[in-house]
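Chemist: As a plain string of letters, each chain reads:
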Amino acid sequence: MAPPTTRSKQSDRETRRAATRDKLRRALQGFHEAGIHYTEVSVEKLSAAADLTRTTFYVYFDDKVDLLVAWLEDVRAAAGSAPSGWTVRDRAPSRAQLRQDVADARYRPHTAVLAAARDTALFELRADAAYRAFVRSSIDDLADHIERGRHGGWIHPDLPAIEVATWLASIVHRTLSATPPLDEDAYMDRIDDYTDILWNTLYRGLAGPGGSAPGVVQIPTQSRPRPK
Amino acid sequence: MWTMPGDQHASTTRLEPPGQRSRDERRHAIVARLAPALEDLLDEGAVYSDLSVAALSGAAGISRSRFYVYFEDTGDLLRALTEDAIVELFDATLAWWALPQDGTWEQLRTVTERIFATYRRHRHLLRAVEQVATHDSAVRQYFSTLFESGLEGYAAELAEGQTRGSLDPTLESHRTAELLASMTQSGLYELTATGQLDNPGRWIDSLTTIVWNTLYAPTHEPGQDGAPDHA
Numbered sequence: 001m002a003p004p005t006t007r008s009k010q011s012d013r014e015t016r017r018a019a020t021r022d023k024l025r026r027a028l029q030g031f032h033e034a035g036i037h038y039t040e041v042s043v044e045k046l047s048a049a050a051d052l053t054r055t056t057f058y059v060y061f062d063d064k065v066d067l068l069v070a071w072l073e074d075v076r077a078a079a080g081s082a083p084s085g086w087t088v089r090d091r092a093p094s095r096a097q098l099r100q101d102v103a104d105a106r107y108r109p110h111t112a113v114l115a116a117a118r119d120t121a122l123f124e125l126r127a128d129a130a131y132r133a134f135v136r137s138s139i140d141d142l143a144d145h146i147e148r149g150r151h152g153g154w155i156h157p158d159l160p161a162i163e164v165a166t167w168l169a170s171i172v173h174r175t176l177s178a179t180p181p182l183d184e185d186a187y188m189d190r191i192d193d194y195t196d197i198l199w200n201t202l203y204r205g206l207a208g209p210g211g212s213a214p215g216v217v218q219i220p221t222q223s224r225p226r227p228k
Numbered sequence: 001m002w003t004m005p006g007d008q009h010a011s012t013t014r015l016e017p018p019g020q021r022s023r024d025e026r027r028h029a030i031v032a033r034l035a036p037a038l039e040d041l042l043d044e045g046a047v048y049s050d051l052s053v054a055a056l057s058g059a060a061g062i063s064r065s066r067f068y069v070y071f072e073d074t075g076d077l078l079r080a081l082t083e084d085a086i087v088e089l090f091d092a093t094l095a096w097w098a099l100p101q102d103g104t105w106e107q108l109r110t111v112t113e114r115i116f117a118t119y120r121r122h123r124h125l126l127r128a129v130e131q132v133a134t135h136d137s138a139v140r141q142y143f144s145t146l147f148e149s150g151l152e153g154y155a156a157e158l159a160e161g162q163t164r165g166s167l168d169p170t171l172e173s174h175r176t177a178e179l180l181a182s183m184t185q186s187g188l189y190e191l192t193a194t195g196q197l198d199n200p201g202r203w204i205d206s207l208t209t210i211v212w213n214t215l216y217a218p219t220h221e222p223g224q225d226g227a228p229d230h231a
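Those protein sequences? They're chains A and B, same order as listed.
Position one of the first sequence corresponds to residue 1 (our numbering), numbered consecutively onward.
Position one of the second sequence corresponds to residue 1 (our numbering), numbered consecutively onward.
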């Protein structure tokens with residue numbers, strides 16, 4: 001085991017690395033809001049915007065991709081690894097519930113990192129792998145939800161789970177990774193549009209205004225408290 | 001990025017300086033000669049933004065200085081190279097919103113198939129556009145303008161369908177078209193990147209179902225059109 005002094009030096013370095021990462025992330029946020037892509041910003045420019053020198057940057061990070069992968073881990077930690085909102089339900093949500101759940105997207109505060117990740121993933125294998133794993137987890141959550149619905153009779157049994165989840169997740173991630181970020185009005189409009197597409201695609205045929213199809217379990221429409 | 005035929009190059013009515021037309025023709029000829037060679041290079045894994053003017057003019061069989069007679073830079077060349085592909089994709093996608101009132105899931109699937117085939121044919125150039133757009137603001141601006149005008153066309157078509165009663169009247173036409181088009185674009189990009197575009201059957205089915213359920217299912221009674229088998 002390493003002596004205590006070494007360990008505390010180690011953790012000091014970790015703390016400083018995290019602080020540097022946060023400073024750089026605030027700088028990223030500024031570029032993102034101005035409509036500038038991470039792929040267009042040099043290490044020099046990014047560091048300067050964070051009041052750091054290029055040398056300091058390289059003390060803590062190998063390159064921009066290394067930094068980006070660390071940011072993605074931060075986002076994952078902050079947003080939690082549990083599946084989001086309505087996808088954890090074991091039944092069809094009401095339309096209003098669905099809209100609320102979509103609006104509660106946990107990734108919204110992290111759009112600058114998601115935009116940087118998506119752009120960098122177009123060029124860089126390491127970024128591509130990290131971003132792909134990130135998107136994959138939301139595809140899997142939604143695919144599980146569809147599977148449960150198919151078996152539970154509240155999603156059409158022939159709806160292909162993984163494929164539909166892949167397409168649907170791609171719209172969500174595309175919006176989240178827009179540069180510059182959507183303003184509040186445009187964002188709220190998107191929420192309505194997603195709700196339409198998700199509702200029509202997943203539930204409408206069985207839970208829609210026309211009532212349930214013959215031979216299909218009636219969907220309870222009363223809401224219950226959302227699982228925490 | 002599928003979009004509509006821009007009017008940037010098509011204005012035959014505009015008065016042009018003498019020699020303009022033949023310059024355009026020469027520009028087109030260079031593009032036509034370069035396209036297959038470039039597709040091969042990209043297919044072998046080259047990244048468009050890494051290709052120099054020297055490499056590109058070499059592949060087109062022209063000198064570096066002649067390159068600049070016809071193109072401002074490599075981004076300008078990319079715009080010229082991808083215009084036809086984008087027009088084709090726009091045409092293919094337009095049919096999504098224009099299914100007749102008694103249209104079926106199968107008819108919609110045929111449209112989706114054509115979108116996939118068109119994308120597949122031009123996948124390398126379309127991928128290059130996505131990449132270059134992240135760091136070249138002129139390219140980004142050009143394609144987002146094209147995409148916007150494409151959306152106008154989609155939205156108009158969708159709204160007409162709503163008036164005819166062939167698709168869900170409650171949808172906001174412009175944004176719904178935009179979301180479905182950009183979903184398709186990201187999804188196809190992803191399928192290309194993971195090599196799944198070579199065997200696309202289930203992806204064509206599932207995308208068709210999403211578009212069907214979103215646009216047409218609400219106005220088509222289940223059990224009458226074959227949709228429930230796939231919905």
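For the record, the hints were derived by calculation from the structure and aren't laboratory data.
We put the beta carbon where it would ideally sit given N, CA and C, even for glycine.
Treat each hint with caution, since some may be false.
[Unchecked claim] In silico SDA-like links for lysine to any residue, alpha-carbon gap of 25 Å or less: (1) A:Lys64 with B:Ser149; (2) A:Lys64 with A:Ser94; (3) A:Lys64 with B:Ala138.
[Stated by the list, open to error] Pairwise CB distance ranges (calculated): (4) A:Gln29 with B:Ala193: 23 to 29 Å; (5) B:Arg164 with A:Asp144: 36 to 42 Å; (6) B:Val53 with A:Glu14: 31 to 37 Å; (7) B:Thr194 with A:Glu40: 24 to 30 Å.
Chemist: Each hint: holds or not?
Modeler: Going through the hints against the structure:
no. : hint                               : verdict
1   : A:Lys64 with B:Ser149              : violated, 35 Å
2   : A:Lys64 with A:Ser94               : violated, 43 Å
3   : A:Lys64 with B:Ala138              : holds, 24 Å
4   : A:Gln29 with B:Ala193: 23 to 29 Å  : holds, 28 Å
5   : B:Arg164 with A:Asp144: 36 to 42 Å : holds, 39 Å
6   : B:Val53 with A:Glu14: 31 to 37 Å   : violated, 46 Å
7   : B:Thr194 with A:Glu40: 24 to 30 Å  : holds, 26 Å
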